[in-house]
Amino acid sequence: MQSIGQEDSSLQLQLSYTDPVTRQFQQSMLETPIAIGRDPSLLPNVAYGRSVTKLVLDDPQVASYHALIAEDNHRLLVTAQRRCSLQVNSVEMADSALNSGDSLSIGSITIQIQTRVAASIGETGCDHQVGFLFKRRCGRTSSDGCPHCDSGRQTKYPFLDDYSHYPSYGSYRQGCWGDSYYSSRGRYYSSASGNVNFTDADNAALINESDADFEQDLGAS
Amino acid sequence: MSENTWLIYALGGGWGHLTRALALGRIAAQHRPVRILTNSPYLAHVPRSLLPANCQINAIHPQESLAVACQYVQDALGRLDYGCLIVDTFPRGLAGELATILPKLPASLPRILIHRDLKPEYVQAKAIASFVAVHYHTVLVPGEGDRVPLAHLPIVEHTDCWLIRSANELPDWSVARSLLRLTSTPTVIVCAAGQPSELDWFGGLTQQLAQALPMASIRCLTPLCPPTCPPELWGYHYPGMDCLQVADVVVSGAGYNTVAECVALNVPLVTFALERLYDRQAQRAQQTSYPVNNATAAIDLIRSLLQRSRDSRRTKPTYSNGAAQAVDRIEHLIGAQTHSCNLVSRSALNAYEIKLSAIKHEIA
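Protein chains in written order, with my numbering: chain A, 1 to 221; chain B, 1001 to 1364.
Because the hints were derived from the structure by calculation, they are not lab data. Some hints here could point you the wrong way.
Computed cross-link-like contacts, EDC-like style, restricted to lysine to aspartate or glutamate with a CA-CA straight-line distance of at most 16 Å [as the list claims (entries may be wrong)]:
hint	chain 1	residue 1	chain 2	residue 2
1	B	Lys1316	B	Asp1248
2	B	Lys1104	B	Asp1075
3	B	Lys1126	A	Asp213
4	B	Lys1119	B	Glu1275
5	B	Lys1104	B	Asp1081
6	B	Lys1119	A	Asp213
To give an idea of the chain B side of the interface with chain A (calculated C-beta under 8 Å), a few residues [stated by the list, open to error]:
hint	residue
7	Asn1039
8	Leu1066
9	Ala1125
10	Leu1277
So these bits of chain A aren't anywhere near chain B, every CB distance computed over 10 Å [to be verified]:
hint	residue
11	Leu11
12	Gln24
13	Ser41
14	Leu42
15	Asp59
16	Tyr65
17	Asn73
18	His74
19	Ser85
20	Ser90
21	Gln112
22	Ser142
23	Ser180
Yeah, the Cβ is synthetic: ideal placement off N, Cα and C, and Gly gets one too.
Looking at chain A on its own, in the form it has when it is part of the complex:
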């Protein structure tokens, strides 16, 4: 069995919440420590001597750097930054222990927490996050030859730094990176449904991009 975590005791949290802008249900499996805030460029890269996983929440009631979830002495703690508030199970606190099943409210967003020790790959497959546009769980049963985590040597999300080049990535509000795209949405939005018109050409482009994966592996099946 091969571990993908930095060490066997690393903790993974499943964070589930509804995005206040898109109204879509979000579910991420992230490794502690986790910095939560509105501005990814102001979130720390390292905490407790470990690489930080960043959770960006697009909500005006969330501070640029709002809270940190980390393990301390085998306990999972959430700590609000100065002048920030949060609620654990609807009780306002500055910091608090967290347990699996707790709800953490930050701004207008309530996050359900499920804990899980980062077990070896295989029990349910690799939980490493991969993909830039379409962030998803890796799911491989072995890290051997994995291009995403470099055969288990790379533990952080591979596109973490790339997101910092696009502040407020995924936000389409005025002043944000996606604002101009949103302004000219008529070009590629369906006026009837309000949905993005993801065309067959877009689909073909993505297929061609992944085409390189096929016919390159003699051990595939």
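Fit chain B to the supplied structure of chain A, relying on the hints for placement.
Same frame as chain A, but now just chain B:
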């Protein structure tokens, strides 16, 4: 080997492609020579006694480079004598190497594609449907139903699942139990039939099951005992189908052969759908087994399955082997192709005779 030989292309990782080729090859070899082209990492663990005398294997080392393997396949298809080409799963070849050589083969050479399920992304990215329509005479779907992505082609024919053992070949119950040193019931077999890199995980799962289900005999069925599996819980026999018939529950990935074998044997199968580049294990798992995604769920499910009565399964399994049906279909195709060629030859001969007659007439 001769022009009657059936050449089966079965490149691909794991057990699946090799086992499917052997299922067909063993029956076909009763009446003609068969040659199987494989790069399976498990070939060394297939007992030679399983192969009929006129069934030969052309093995490519599983660690061979892509370029060398492609060259070997292309050379083999150009050099060997064979009268029928049967390609398992990958119409263009596992590395696309058949795409350049199929157009160069005689048009009259019967070509059959074995259409195990494929991801639609691959089918679309490589324009597989049009390639198959041009370069193959028949597509045989081995019991995978009509959800496979090439099911719409007019040259598709369906058979039952192909199995390495026909029902009358299965060993007796007591013999089957002794193959894995089973002395008590109920029995849970962990069929570790995935990629070599997955075997450690199956070994660990076996240990977890043994700890959680002390009332059951647990066995991990795989060629070499994984370091994560206690040796007393490990066993090996090929074909594994001989052993699976005595299991009360089988735990495995959702690969083609394990699923087909458990369905034929009427053994409950608990599956972990493993991610594959081409296969859709999750879809197969949903249709034919009890899918789970972690050891805890598997243990709960197995416990509940073991509580059901299994007396009805003590009778000898009866099922039809799609591989035998496939041999009949291929023989029929070859007969039709030969007849068609004869018609063309006769037609050409007639034209020649008419032309000769005309020349003679002109000379006269």
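Here's how the hints hold up against the structure:
About 14 Å separates the Cα atoms of Lys1316 (chain B) and Asp1248 (chain B), which keeps this hinted pair within 16 Å; it holds. Between Lys1104 (chain B) and Asp1075 (chain B) the CA atoms are separated by roughly 12 Å; this keeps the pair inside 16 Å, and the hint holds. Annotation: proposed proximity of Lys1126 (chain B) to Asp213 (chain A) holds, straight-line Cα distance about 11 Å (limit 16 Å). Pair hint Lys1119 (chain B) plus Glu1275 (chain B) holds up; C-alpha atoms about 11 Å apart against a cutoff of 16 Å.
Taking the CA atoms of Lys1104 (chain B) and Asp1081 (chain B), the gap is near 15 Å; set against the 16 Å cutoff, the hint holds. Distance restraint check for Lys1119 (chain B) and Asp213 (chain A): the Cα-Cα separation of roughly 13 Å lies within the 16 Å cut-off, and the hinted pair is therefore satisfied. Because the closest C-beta pair between Asn1039 (chain B) and chain A is about 6 Å apart, less than 8 Å, the hint holds. Because the closest C-beta pair between Leu1066 (chain B) and chain A is about 6 Å apart, less than 8 Å, the hint holds.
The criterion of a C-beta within 8 Å of any C-beta in chain A is met by Ala1125 (chain B), whose closest approach is roughly 5 Å, and the hint holds. A least Cβ separation of about 4 Å between Leu1277 (chain B) and chain A falls short of the 8 Å threshold, and the interface hint therefore holds. At roughly 17 Å from the closest C-beta of chain B, the C-beta of Leu11 (chain A) stays outside 10 Å, upholding its exclusion from the interface. Gln24 (chain A), annotated as away from the interface, keeps every beta carbon of chain B farther than 10 Å; the closest lies near 23 Å.
No Cβ of chain B comes within 10 Å of the Cβ of Ser41 (chain A); the nearest lies about 34 Å off, and the non-interface call holds. Leu42 (chain A), annotated as away from the interface, keeps every beta carbon of chain B farther than 10 Å; the closest lies near 36 Å. The claim that Asp59 (chain A) is not at the interface with chain B holds, since no C-beta of that chain comes within 10 Å of its own (minimum 32 Å). No Cβ of chain B approaches the Cβ of Tyr65 (chain A) within 10 Å, the least distance being about 35 Å, so the stated non-interface status holds.
No beta-carbon of chain B comes within 10 Å of the beta-carbon of Asn73 (chain A); the shortest separation is about 27 Å. Distance check on His74 (chain A): its Cβ is at least 22 Å (rounded) from any Cβ of chain B, clearing the 10 Å threshold; non-interface status holds. Against chain B, the non-interface label of Ser85 (chain A) holds: every CB pair exceeds 10 Å, the least being about 36 Å. The Cβ of Ser90 (chain A) sits about 30 Å from the closest Cβ of chain B, beyond the 10 Å cut-off, so the non-interface label holds.
Against chain B, the non-interface label of Gln112 (chain A) holds: every CB pair exceeds 10 Å, the least being about 19 Å. The claim that Ser142 (chain A) lies off the interface is violated: its Cβ sits roughly 4 Å from the closest Cβ of chain B, which falls inside the 10 Å cut-off. The claim that Ser180 (chain A) is not at the interface with chain B holds, since no C-beta of that chain comes within 10 Å of its own (minimum 32 Å).
Checked against the numbered hints above, the structure breaks only hint 22 and satisfies the rest.
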